[in-house]
Amino acid sequence: MRSISERDLAVVIPLLAAKIRELTAELRATDERLDDLTEEEVEDRVQLQDMLEQYDGVLDSLRTEYEEALSEGINLPSYDQLVAP
Numbered sequence: 001m002r003s004i005s006e007r008d009l010a011v012v013i014p015l016l017a018a019k020i021r022e023l024t025a026e027l028r029a030t031d032e033r034l035d036d037l038t039e040e041e042v043e044d045r046v047q048l049q050d051m052l053e054q055y056d057g058v059l060d061s062l063r064t065e066y067e068e069a070l071s072e073g074i075n076l077p078s079y080d081q082l083v084a085p
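The sequence shown maps to residues 1 to 85 in full-length UniProt numbering.
In short, the hints are calculated from the structure, not lab data. Small disclaimer: the values here were computed from a predicted structure and weren't measured. Keep in mind that a hint or two might mislead.
Label pairs and their calculated CB-CB ranges [to be verified]:
id : residue 1 : residue 2 : range
1  : Asp-50    : Ser-3     : 30 to 36 Å
2  : Gly-57    : Pro-85    : 16 to 22 Å
3  : Glu-43    : Arg-7     : 37 to 43 Å
For glycine and all other residues, C-beta sits at the position ideal for the given N, C-alpha and C.
Work out the full structure, taking the sequences as your base and the hints as a guide.
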């Protein structure tokens, strides 16, 4: 039994995928100057990495919910469409 409606899946998955892309871009922006980061910037980077890991886990859970909805015959856009930029 799913814990989220198909309508919510179709809304939440793209929003979460966009947030993950945004956080990933923030991390990549500091990749080239890792040696020059201040202590505060390092802490911020670690928090971003932790948040990104959590969001990835939530997205994985939502994909499971999405696949359950598909197996129940619910008509949803493709997962790739939902996570596309």
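**OP:** May I ask you to test the hint 37 to 43 Å on the CB atoms belonging to Glu-43 and Arg-7?
**Re:** The hinted range 37 to 43 Å holds for Glu-43 and Arg-7, with Cβ atoms some 38 Å apart.
**OP:** Take a look at whether the Cβ-Cβ distance between Asp-50 and Ser-3 falls inside 30 to 36 Å.
**Re:** 24 Å, violated
Original post:
Does 16 to 22 Å hold as the CB distance between Gly-57 and Pro-85, or does it fail?
Top reply: 21 Å, holds
In summary, the one numbered hint that this structure violates is 1.
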